[in-house]
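**Student:** Listed here are the chains, written in short residue letters.
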Amino acid sequence: MDVLANLAMGFDIAFSPFTLMLAVIGCFLGTIIGALPGLGPSNGVAILIPLTFSLGLDATSALVLMTAVYYGAMYGGRISSILLNIPGDEPALMTTLDGYPMARAGRAGDALVLSGVASFVGAFLATLGLVFLAPLLARVAFLFGPAEYFALYLLAFATLGGFASNNQAKAALASCIGLGISVIGLDTNSGLPRMTGGNLHLMDGVDFLVAIVGLFAVAEVFFFIESHGRNTSIGVRLGKVTVPVRDILESRWTMLRASVVGFFAGVLPGAGASLGSFMAYMMEKSIAGEKGGFGTGVARGIAAPEAGNNAAAGGALVPMLTLGVPGSGTTAVLLALLMTLNITPGPTLFTDRPEVVWGLIASLLIANFVLLAMNVPLVRLFVRILSVPPWVLLPGVTMISFVGIFSLSGSYFDLLLMIAFGALGYVLRKLDVPTVPIILGILLGGHMEDSLRRAMVLSGGDWTFLFSTPIAVGLWIVAAAGFVAPMFLRRFLRKPQAITD
Amino acid sequence: MASDRIFGLVATVAALAYCAGALRIQTSFLGDPVGPRAFPLLVGAIAVLCGIAIMVRPDDDPDWPPVRTLGALAVTVLVLVAYAYTIRAGGFLVPTAVAAGVLSYQINPRPGAAALAGIGLSVGLFVIFRYVFGLGLFALPRALTG
Numbered sequence: 000m001d002v003l004a005n006l007a008m009g010f011d012i013a014f015s016p017f018t019l020m021l022a023v024i025g026c027f028l029g030t031i032i033g034a035l036p037g038l039g040p041s042n043g044v045a046i047l048i049p050l051t052f053s054l055g056l057d058a059t060s061a062l063v064l065m066t067a068v069y070y071g072a073m074y075g076g077r078i079s080s081i082l083l084n085i086p087g088d089e090p091a092l093m094t095t096l097d098g099y100p101m102a103r104a105g106r107a108g109d110a111l112v113l114s115g116v117a118s119f120v121g122a123f124l125a126t127l128g129l130v131f132l133a134p135l136l137a138r139v140a141f142l143f144g145p146a147e148y149f150a151l152y153l154l155a156f157a158t159l160g161g162f163a164s165n166n167q168a169k170a171a172l173a174s175c176i177g178l179g180i181s182v183i184g185l186d187t188n189s190g191l192p193r194m195t196g197g198n199l200h201l202m203d204g205v206d207f208l209v210a211i212v213g214l215f216a217v218a219e220v221f222f223f224i225e226s227h228g229r230n231t232s233i234g235v236r237l238g239k240v241t242v243p244v245r246d247i248l249e250s251r252w253t254m255l256r257a258s259v260v261g262f263f264a265g266v267l268p269g270a271g272a273s274l275g276s277f278m279a280y281m282m283e284k285s286i287a288g289e290k291g292g293f294g295t296g297v298a299r300g301i302a303a304p305e306a307g308n309n310a311a312a313g314g315a316l317v318p319m320l321t322l323g324v325p326g327s328g329t330t331a332v333l334l335a336l337l338m339t340l341n342i343t344p345g346p347t348l349f350t351d352r353p354e355v356v357w358g359l360i361a362s363l364l365i366a367n368f369v370l371l372a373m374n375v376p377l378v379r380l381f382v383r384i385l386s387v388p389p390w391v392l393l394p395g396v397t398m399i400s401f402v403g404i405f406s407l408s409g410s411y412f413d414l415l416l417m418i419a420f421g422a423l424g425y426v427l428r429k430l431d432v433p434t435v436p437i438i439l440g441i442l443l444g445g446h447m448e449d450s451l452r453r454a455m456v457l458s459g460g461d462w463t464f465l466f467s468t469p470i471a472v473g474l475w476i477v478a479a480a481g482f483v484a485p486m487f488l489r490r491f492l493r494k495p496q497a498i499t500d
Numbered sequence: 000m001a002s003d004r005i006f007g008l009v010a011t012v013a014a015l016a017y018c019a020g021a022l023r024i025q026t027s028f029l030g031d032p033v034g035p036r037a038f039p040l041l042v043g044a045i046a047v048l049c050g051i052a053i054m055v056r057p058d059d060d061p062d063w064p065p066v067r068t069l070g071a072l073a074v075t076v077l078v079l080v081a082y083a084y085t086i087r088a089g090g091f092l093v094p095t096a097v098a099a100g101v102l103s104y105q106i107n108p109r110p111g112a113a114a115l116a117g118i119g120l121s122v123g124l125f126v127i128f129r130y131v132f133g134l135g136l137f138a139l140p141r142a143l144t145g
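Line order of the protein sequences matches chains A and B.
Counted from 1, the first sequence has number 10 at position 11 by numbering that gives the first Met the number 0; the numbering is strictly sequential.
Counted from 1, the second sequence has number 120 at position 121 by numbering that gives the first Met the number 0; the numbering is strictly sequential.
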């Protein structure tokens, strides 16, 4: 049993007191980040990356800390969904549909505990799935040459643009913006500058962390200023917290089904957690039928999206670790973390640095139990944190972003660039242009161009080489289908909008 | 409608400019079959198509904020830019307190609370960054402390 031996090695690393402490700290911070409205997994992890860097942790420790934050934020997102009817980020949107009505009916405590258990089931099963699927996929990934990788990157952009946005042209444009930015800097092949406009600061290219923090965190501040923090009044009071055993037992099959669906939605490159929670909710709704009462605050309506969402978060780690292609905005941020730590994700990661992979997986399993323990009894504490007023929180987030980016390079130019990305992010999101493809473009652009150019070197400039193997052709077909199909499916699969009072 | 038509036009023009820039990239004799120009040109060309598509089939207009809010956003950007220029030379405490205070005031217009938030955040974050993270921040302008 290869897997068991590897897991044993992972637990060996993860059970050191220091790593355990990092996991606990990460879970705690993550839950707070997820619970605070306006801070979700992606911008929360983004502003923490530069600071983690300055702590001088080694690769495994940094990775354990940040993935614990990631999982924690996925757990925490449900708290503001249920109590305030404000999803902390997009995947949490589905939880508001039944969570908020249940909380308004005076069962806020039940809703929180139930969703905590559902999150645990989803995340736990997905981590197990990761244990078995990732090494398998890593073996397949060894068959990938540059032509396959080029098609795979294209697939990620296509599915991300197809499923996660309302307008294909806008999503594709966002990908182009990201890819276009990735070109800036010295060309790796010829060593000559490209698209720098003669600006010396741009010779090294645009740091993806600057773009991420700008587009995610700074843009969020602009949105809060626009709304004057109006949308953050405390909605529902939390009464006594007990464990709703009956609800949990009643929704056990829902949790299992939702976890499986969520996991595979997460594995699909580019689709991510939003699709996972959406599909899990819609599936359970159609299984329950009219009598199920979905949308009125039923237990299964809370369990399904939470299990699906957390399972997708785990599933999204599979393509990120084995292929280097992230499945969601947050895994894109985690990929940025890996690249900052000088770890190249991909099949070789499993053979060259098994201690990183298996230490990470083991700490995810541990983080899960820590989160369950933390989220059920301590839920009151996290609810109290929700009452931090936005006029303290948002300036705080901005200042932390500034110091984080400043500590990276110590140059004011990166700070200006970050502000520019923040303003750009505000305008684009206003116009319904998704910003995640921009991040993905900046992160993957270099690799994508590299694989294209290597493929052309191998074939001596013959373009048909890109379609020369069955794997490559399959990826092209899926990419095309993933981009085009949602145009026709949109009529049937309308994203439900948040309910209003 | 109008928003998307303007946005599509801006995107198309920017993408064309990007393509023009890509054509001026120097190539070297050590080239590979693709060269450094092809990828940016490809990206630019797709972006041109997207820009045109957005112009031709615009979505509904978003709810743009009133002019006053836009003004507040512009002020915020200016404050952040000024902060970026002063954080190094001006020390950490004073610029951070001012910038955080202004941001806080923009979200919730109560001067007293905003001032407290600015000063509290500035001192609190300085202590955390300096002593927990060990970042080399200076509390006061270096000109004063020597």
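FYI, nobody ran anything at the bench for these hints, they're computed from the structure.
Treat the numbers as computed from the prediction; the structure is a model and nothing was measured.
Virtual Cβ for every residue (Gly too), placed ideally from N, Cα, C.
It is possible that some hints are incorrect.
Claimed, not checked - Pair by pair, the computed Cβ-Cβ distance ranges are:
#	chain 1	residue 1	chain 2	residue 2	range
1	A	Met202	B	Val55	34 to 40 Å
2	B	Ile5	A	Leu199	54 to 60 Å
3	B	Ile51	A	Ser285	45 to 51 Å
4	A	Arg138	B	Ile5	47 to 53 Å
5	A	Gly294	B	Pro140	35 to 41 Å
**Student:** Indicate, hint by hint, whether the structure satisfies it.
**Tutor:** Hints, one by one, checked against the model:
1. A hinted range of 34 to 40 Å for the beta carbons of A:Met202 and B:Val55 is consistent with their spacing of about 38 Å.
2. For the pair B:Ile5 and A:Leu199, the beta carbons lie near 33 Å from each other, so the given range of 54 to 60 Å is not met.
3. Between B:Ile51 and A:Ser285 the Cβ separation comes to about 39 Å, which falls outside the hinted range of 45 to 51 Å.
4. Here the CB-CB span from A:Arg138 to B:Ile5 is close to 50 Å, well matched to the stated 47 to 53 Å.
5. With their beta carbons about 58 Å apart, A:Gly294 and B:Pro140 fall outside the hinted range of 35 to 41 Å.
The structure shown violates the earlier hints numbered 2, 3, 5.
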